[in-house]
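Peer 1: Okay, here's what each chain looks like letter by letter:
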Amino acid sequence: MRRRLRRFLRSPLTIFAVIVVLLLLVAAVFAPQLATHLPNRQDFRAVLQPPSATHWLGTDEIGRDIYSRVIFGARISVTVGLLSVGLGGLIGILIGLVSGFYGGAVDSVLMRLIDVLLAFPGILLAILLATALGAGLVPVIIAVAAYSVPTFARVMRGSVLSVRTREFVEAARAAGVRDATLLVRHIFLNSFAPVLVYATLLMGGAILTAAALSFLGVGVAPPTPEWGAMISTARTYMRQAPHVILGPGVAIFVTVLAFNILGDALRDALDPKN
Amino acid sequence: MLSFVVRRLFFSFFVVIGVLTLVFLSMHFAPGDPIDMLISPEGGGRATPELVAQLRAKYGLDQPLHVQYGRYLKSALQLDLGRSIRNDRPVTQELVRLFPATFQLTVASLLVAALIGTAVGILAAVNKGGFIDNASMTVALLGVSLPNFLLGLLLMLLFALHLGWLPPSGREPGFSWQAIRHLIMPATTLGVATAAIIARLVRSSMLDVLKEDYVRTAAAKGVRRGTVIMRHAFRNALNPIVTVLGLEFGVLLSGAVIAESIFAWPGVGRYLILGINGRDFPVVQGTVIFIAVIFVLVNLVVDLLYSVLDPRVQYS
Chain A
1 MRRRLRRFLR SPLTIFAVIV VLLLLVAAVF APQLATHLPN RQDFRAVLQP PSATHWLGTD
61 EIGRDIYSRV IFGARISVTV GLLSVGLGGL IGILIGLVSG FYGGAVDSVL MRLIDVLLAF
121 PGILLAILLA TALGAGLVPV IIAVAAYSVP TFARVMRGSV LSVRTREFVE AARAAGVRDA
181 TLLVRHIFLN SFAPVLVYAT LLMGGAILTA AALSFLGVGV APPTPEWGAM ISTARTYMRQ
241 APHVILGPGV AIFVTVLAFN ILGDALRDAL DPKN
Chain B
1 MLSFVVRRLF FSFFVVIGVL TLVFLSMHFA PGDPIDMLIS PEGGGRATPE LVAQLRAKYG
61 LDQPLHVQYG RYLKSALQLD LGRSIRNDRP VTQELVRLFP ATFQLTVASL LVAALIGTAV
121 GILAAVNKGG FIDNASMTVA LLGVSLPNFL LGLLLMLLFA LHLGWLPPSG REPGFSWQAI
181 RHLIMPATTL GVATAAIIAR LVRSSMLDVL KEDYVRTAAA KGVRRGTVIM RHAFRNALNP
241 IVTVLGLEFG VLLSGAVIAE SIFAWPGVGR YLILGINGRD FPVVQGTVIF IAVIFVLVNL
301 VVDLLYSVLD PRVQYS
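Residue numbers (the numbering used here), protein chains in the order written: chain A, 1 to 274; chain B, 1 to 316.
If you are wondering where the hints come from, they were derived from the structure by calculation, not from laboratory data.
Owing to the predicted nature of the structure, the values given are computational and were not obtained by experimental measurement.
Please note: incorrect hints may appear among the correct ones.
Said to hold, decoys possible - With the C-beta cut set under 7 Å, the calculated list includes, among others, these residues of chain A facing chain B: (1) Leu124; (2) His186; (3) Leu257.
To be verified - According to the in silico footprint, chain A covers these stretches of chain B (three or more CB under 8 Å from chain A): (4) 183 to 192; (5) 292 to 302.
Claimed, not checked - A partial selection of chain A residues facing chain B, derived with a Cβ cut-off under 8 Å: (6) Leu23; (7) Leu25; (8) Val116; (9) Phe215; (10) Arg235; (11) Pro242.
Glycine included, each C-beta is placed from N, C-alpha and C at the ideal position.
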């Protein structure tokens, strides 16, 4: 385990990613302490100001402090990322476990349902659900969760299929362990590694999808400081004040980048072939 | 082979029904009645209960759920996707009118992705472990992580608003220089992430092939390095690349929603966004179905083509 951790932390890219994710979590938890202004406080005497000592990333079209909004935006992104991947993971893992464990007709039906979800391009499914459920944080979480369900289900099912026939499962079954316990304790815990990798990779995708939804006007509604929504408003003003796009733009790019690096690194570290 | 095609066709049909059902359910259980949406914003005054009842009857909303579902499936399978609430135009007709623009954009972005991705991937594989390899794989990682809406806005800021080299929005039909200028930024915005995916894939696929004996034999025979790479190695590395290109076509098609909305490209994606902003449910529903069905069809064609391209693929 320690050797794997060392290998995991060997690359400077991975260290960068870990630091970014930690910073993101700190920003999300301590947003009120880290922000210099209230995220929604308007100041019409300081509209579209370039970065300065008082406004580190400048101000937007109604004089709100962009730095403070980016910091509070981390809260939204982390919430959406964790809850949607968590929810999608829960449903997907359950489907994958049941499907892989029981096989037969149950497996066929569940996997055809997953195929239908996969037939939907992810962003389109998210747009459909977010439009149907209306603006707000909860619809975005549900929409993004739906987008990650098929991946989790497939990955989990694959793991279950490879673990199911192993001796320790046979032994547990012979010892009279109940199905539910067998599923959770013996099968799920032994197929956890690939699920963790996909969860990390999907975090980046989830944050990106949530931002894209807000950018398109079906996500979190203004004046909530959400990165995608901020970029969407910024496009009207980016000509006279290009800095409005910089803060939220860099925030989202670096966050997604970090999760992608972390996912790749975890995959390499947990790959038994390495 | 024939049984594979039949089975695959049947499965695609099943998926289309699934897509239709999912869209129906999500629209049906959405909070807010479409009729309320229809009368509240522009109507000004309150609609009389008679008018509401009349409208509900007109759209079939007074029927039980299974009847509504049956009607909906029947008309969807007859390619009738309803009418826009805002301008009463048939959605199918609008989609057919707008699709060529989206198709053009998608094909252009696929070209961008294939050209950049293949070139970068080959360069990286040939220089494995060297500076070019590391640099190009870092760029590919950045490309996958850069949100396309951000990339689009940055391109627009630089090339249209500051340098004035390219038009910021709109589309010119045809294949004139002007038309291509309009196409460059949207196609790049849409294609970059796919280019990055393809670059990684081409690299790993090439690395596999470059280890093969016949490549070493060719090099030992004294065949020129460029010929070895392009004719002996790349050609054999092509198969997985073609598959991914096909699958990415569907992804790009749906990704066009964002590129079209940024660059006011008059296609299906922009129509969807206008529908979302106007709470025009038939438009949203119809466009989602339209894109999803094309996505299913493209995947079907890719699967079938794959069996033609690579006879070794088994279908059992």
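Peer 1: Now tell me, hint by hint, if it's right for this structure.
Peer 2: Evaluated hints:
1. Given the 7 Å rule on beta carbons, the hint for Leu124(A) holds: about 5 Å separates it from the nearest Cβ of chain B.
2. Annotation: His186(A) was flagged as interfacial toward chain B, and the flag is violated, the nearest CB pair being 31 Å apart, outside 7 Å.
3. For Leu257(A), the interface hint holds, since its Cβ comes within 7 Å of a Cβ in chain B; the closest pair sits about 4 Å apart.
4. Only when three residues or more bring their CB closer than 8 Å to a CB of chain A does the claim for the segment 183 to 192 of chain B stand; here the count is 0, and the claim is violated.
5. Only residues whose beta carbon comes within less than 8 Å of a beta carbon in chain A count, and the segment 292 to 302 of chain B has 4; three or more means the coverage holds.
6. Restraint check, Leu23(A) versus chain B: the minimum CB separation of about 16 Å is more than 8 Å; hint violated.
7. The beta carbon of Leu25(A) comes no nearer than 19 Å to any beta carbon in chain B, farther than 8 Å, and the hint placing it at the interface is violated.
8. Given hint, Val116(A) at the interface with chain B, holds; its Cβ is 3 Å from that chain's nearest Cβ, closer than 8 Å.
9. Interface hint status for Phe215(A): upheld, as the beta-carbon distance to the closest one in chain B is roughly 5 Å, under 8 Å.
10. With a cut of 8 Å, the hint placing Arg235(A) at the interface with chain B holds, because the nearest CB-to-CB distance is about 6 Å.
11. Contact between Pro242(A) and chain B, as hinted, is supported at the beta carbon level, the nearest pair being about 6 Å apart and thus within 8 Å.
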